[in-house]
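2 protein chains.
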Amino acid sequence: MCGDGVTAHVYRQIARREPRTPSPAVPADDRPSWQRPPAGRVIDLTHVLNPLFPHWPGDRPFEMRPVSRCSEDDFHANELMLHEHSGTHVDAPAHVRAGALTVDAIAPADLVAPLVVIDIADRAAVDPDTMLATADILAWEAAHGPLPARCLVAMNSGWHRRVAAPGKFLNIDADGYMRTPGFDPAAAAFLAEQRDVVAIASDTLSVDAGLATDFGAHLAALGSGLYAVEALAHLDAVPAAGALVIVGAPRHQGGSGGPARVLAFV
Amino acid sequence: MCGDGVTAHVYRQIARREPRTPSPAVPADDRPSWQRPPAGRVIDLTHVLNPLFPHWPGDRPFEMRPVSRCSEDDFHANELMLHEHSGTHVDAPAHVRAGALTVDAIAPADLVAPLVVIDIADRAAVDPDTMLATADILAWEAAHGPLPARCLVAMNSGWHRRVAAPGKFLNIDADGYMRTPGFDPAAAAFLAEQRDVVAIASDTLSVDAGLATDFGAHLAALGSGLYAVEALAHLDAVPAAGALVIVGAPRHQGGSGGPARVLAFV
Numbered sequence: 012m013c014g015d016g017v018t019a020h021v022y023r024q025i026a027r028r029e030p031r032t033p034s035p036a037v038p039a040d041d042r043p044s045w046q047r048p049p050a051g052r053v054i055d056l057t058h059v060l061n062p063l064f065p066h067w068p069g070d071r072p073f074e075m076r077p078v079s080r081c082s083e084d085d086f087h088a089n090e091l092m093l094h095e096h097s098g099t100h101v102d103a104p105a106h107v108r109a110g111a112l113t114v115d116a117i118a119p120a121d122l123v124a125p126l127v128v129i130d131i132a133d134r135a136a137v138d139p140d141t142m143l144a145t146a147d148i149l150a151w152e153a154a155h156g157p158l159p160a161r162c163l164v165a166m167n168s169g170w171h172r173r174v175a176a177p178g179k180f181l182n183i184d185a186d187g188y189m190r191t192p193g194f195d196p197a198a199a200a201f202l203a204e205q206r207d208v209v210a211i212a213s214d215t216l217s218v219d220a221g222l223a224t225d226f227g228a229h230l231a232a233l234g235s236g237l238y239a240v241e242a243l244a245h246l247d248a249v250p251a252a253g254a255l256v257i258v259g260a261p262r263h264q265g266g267s268g269g270p271a272r273v274l275a276f277v
Numbered sequence: 012m013c014g015d016g017v018t019a020h021v022y023r024q025i026a027r028r029e030p031r032t033p034s035p036a037v038p039a040d041d042r043p044s045w046q047r048p049p050a051g052r053v054i055d056l057t058h059v060l061n062p063l064f065p066h067w068p069g070d071r072p073f074e075m076r077p078v079s080r081c082s083e084d085d086f087h088a089n090e091l092m093l094h095e096h097s098g099t100h101v102d103a104p105a106h107v108r109a110g111a112l113t114v115d116a117i118a119p120a121d122l123v124a125p126l127v128v129i130d131i132a133d134r135a136a137v138d139p140d141t142m143l144a145t146a147d148i149l150a151w152e153a154a155h156g157p158l159p160a161r162c163l164v165a166m167n168s169g170w171h172r173r174v175a176a177p178g179k180f181l182n183i184d185a186d187g188y189m190r191t192p193g194f195d196p197a198a199a200a201f202l203a204e205q206r207d208v209v210a211i212a213s214d215t216l217s218v219d220a221g222l223a224t225d226f227g228a229h230l231a232a233l234g235s236g237l238y239a240v241e242a243l244a245h246l247d248a249v250p251a252a253g254a255l256v257i258v259g260a261p262r263h264q265g266g267s268g269g270p271a272r273v274l275a276f277v
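Protein chains in written order, with the working numbering: chain H, 12 to 277; chain P, 12 to 277.
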């Protein structure tokens with residue numbers, strides 16, 4: 012049933028080079044707006060997930076096992092075994108509070124949000140324990156105006172660039188502590204209580220700094236009903252202000268979170 | 012670390028009733044367009060996935076196993092075990108052809124598409140074996156104009172309404188055959204070859220009809236480099252023309268497909 016024929020490389024080249032027959036000619040300007048491709052570009056904020064992707068110490072790594080392969084009478088498919096909080100993923104409020112919203116129950120409208128990116132990468136490059144502070148939020152507002160309603164606030168610590176470098180993403184020191192940036196719990200509380208935010212997000216594995224022992228950023232944000240997104244990719248490719256983010260959270264019933272496809276429109 | 016305090020019901024009511032402090036007042040009309048919530052509504056085309064969700068005979072059902080619970084020193088999290096083609100999900104071209112695009116490699120821009128809904132529900136209500144034919148596509152074009160560029164063409168057979176009724180979604184007859192609608196392979200080939208389509212989609216478990224033995228719709232679409240989306244929900248809530256769909260495909264490396272969060276903007 013399945014055919015090989017060309018290598019993946021060649022296949023992809025063919026797919027890119029040979030546009031399919033377009034629809035019958037319609038003058039571009041006459042097309043209703045919805046018939047035009049969306050304005051701007053789509054930026055993928057999602058890391059590729061594989062068994063080597065850095066994961067929280069003690070959690071099982073992502074695993075994929077083929078259960079059928081392309082043949083005369085079958086298709087290729089795999090079974091997946093994973094911890095919910097793997098790869099680029101969502102934390103639902105139920106991650107920290109029994110009875111709170113599970114990942115399937117996050118309002119769909121809250122999965123679409125203006126994207127606010129607060130860059131602390133220069134500081135994080137010299138101090139891996141640095142935290143995104145309320146002052147950083149106020150500095151963003153001084154530059155770009157008040158945080159937009161129902162926005163998602165993402166920390167760009169530059170950590171997304173470290174995923175491919177073994178050991179650099181978790182950055183565990185000789186004493187076994189993760190040395191990674193995160194949100195100051197006071198800043199997370201400020202966003203949850205003083206601004207109209209749907210989610211906080213980080214390009215590290217956790218919205219809390221690696222040295223955090225009380226997980227105060229998680230508790231402040233998720234405990235207030237916000238969700239979180241962790242391990243975002245490509246935050247250097249989106250502007251500090253002006254993008255829209257779509258968080259393709261998974262929808263398994265009762266989940267505390269899970270891998271998400273996160274796309275930005277710029 | 013986790014707190015209970017209020018029941019889920021009350022918690023959600025509180026979350027809904029108490030708006031967070033808005034950003035400092037900005038006259039609505041002065042806000043740049045990106046600071047306004049996206050126009051229109053977000054419709055969730057994704058079913059909730061749980062162990063009872065109908066699955067292909069022989070595939071493992073979705074499974075979720077708690078590995079930690081809210082306590083003084085831990086958060087709630089689960090491990091997930093699933094077949095890739097579970098719930099509302101994507102089929103990548105690699106599902107049918109070795110070496111073709113895997114789910115992580117689908118171009119992000121192709122995950123955002125004008126949504127075309129072709130309704131054959133009246134016919135399917137009296138004939139579960141009916142197929143979406145090329146004539147149905149041409150009838151859609153006669154009513155709404157040419158298929159837009161880079162669109163996703165979804166079959167609404169009414170089957171999405173059957174998910175909650177045990178046995179009705181797979182609709183297996185006394186002889187063991189699934190009796191479910193699908194794309195006529197010739198229609199899938201027409202879309203792949205004669206129109207500019209990124210994906211075909213169905214509200215059934217398969218883009219092929221249940222009686223199909225050659226899986227011709229899969230082969231015509233995926234074999235041409237299109238992807239597919241199966242088991243879409245809520246297709247009655249989106250218009251035949253005019254919506255935009257975002258397919259939050261998973262991004263595990265080398266995957267043949269997987270559960271996706273699918274959202275429509277109407």
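Any given hint could turn out to be false.
Residues from chain P that face chain H, not an exhaustive set, calculated with beta carbons under 7 Å [said to hold, decoys possible]:
1) Asn-61
2) Leu-63
3) Trp-67
4) Pro-68
5) Ser-82
6) Asn-89
7) Glu-90
8) Pro-119
9) Ala-120
10) Val-137
11) Pro-139
12) Leu-149
13) Gly-221
14) His-263
15) Ser-267
16) Val-277
If you are wondering where the hints come from, they were derived from the structure by calculation, not from laboratory data.
We put the CB at the ideal spot given by N, CA and C, even for glycine.
Here's how the hints hold up against the structure:
Satisfaction of the interface hint for Asn-61 of chain P is found here, the shortest Cβ-Cβ separation to chain H being roughly 4 Å, below the 7 Å cut-off. A distance limit of 7 Å between C-beta atoms decides the matter here; for Leu-63 of chain P the minimum to chain H is near 9 Å, and the interface restraint is violated. Restraint check, Trp-67 of chain P versus chain H: the minimum CB separation of about 9 Å is more than 7 Å; hint violated. Hint status for Pro-68 of chain P: violated, given a least beta-carbon distance of 13 Å to chain H, over 7 Å.
Look at Ser-82 of chain P: its Cβ only gets to about 10 Å from chain H, farther than 7 Å, so that hint breaks. With a least beta-carbon distance of about 5 Å to chain H, the hint placing Asn-89 of chain P at the interface is held under the 7 Å criterion. Interface hint status for Glu-90 of chain P: upheld, as the beta-carbon distance to the closest one in chain H is roughly 6 Å, under 7 Å. A least Cβ separation of about 4 Å between Pro-119 of chain P and chain H falls short of the 7 Å threshold, and the interface hint therefore holds.
For Ala-120 of chain P, the interface hint holds, since its Cβ comes within 7 Å of a Cβ in chain H; the closest pair sits about 5 Å apart. Annotation: Val-137 of chain P was flagged as interfacial toward chain H, and the flag is violated, the nearest CB pair being 30 Å apart, outside 7 Å. Checking Pro-139 of chain P against chain H by beta carbon gives a least distance of about 23 Å; that is not within 7 Å, so the hint is violated. Because the closest C-beta pair between Leu-149 of chain P and chain H is about 11 Å apart, greater than 7 Å, the hint is violated.
A hinted interface residue such as Gly-221 of chain P counts as satisfied when its beta carbon comes closer than 7 Å to some beta carbon of chain H; here the least separation is about 16 Å, so the hint is violated. At its closest, the beta carbon of His-263 of chain P sits 5 Å from a beta carbon of chain H; the interface hint therefore holds under the 7 Å criterion. Among the interface hints, the one on Ser-267 of chain P holds; its C-beta lies about 5 Å from the nearest C-beta in chain H, closer than the 7 Å criterion. With a cut of 7 Å, the hint placing Val-277 of chain P at the interface with chain H is violated, because the nearest CB-to-CB distance is about 10 Å.
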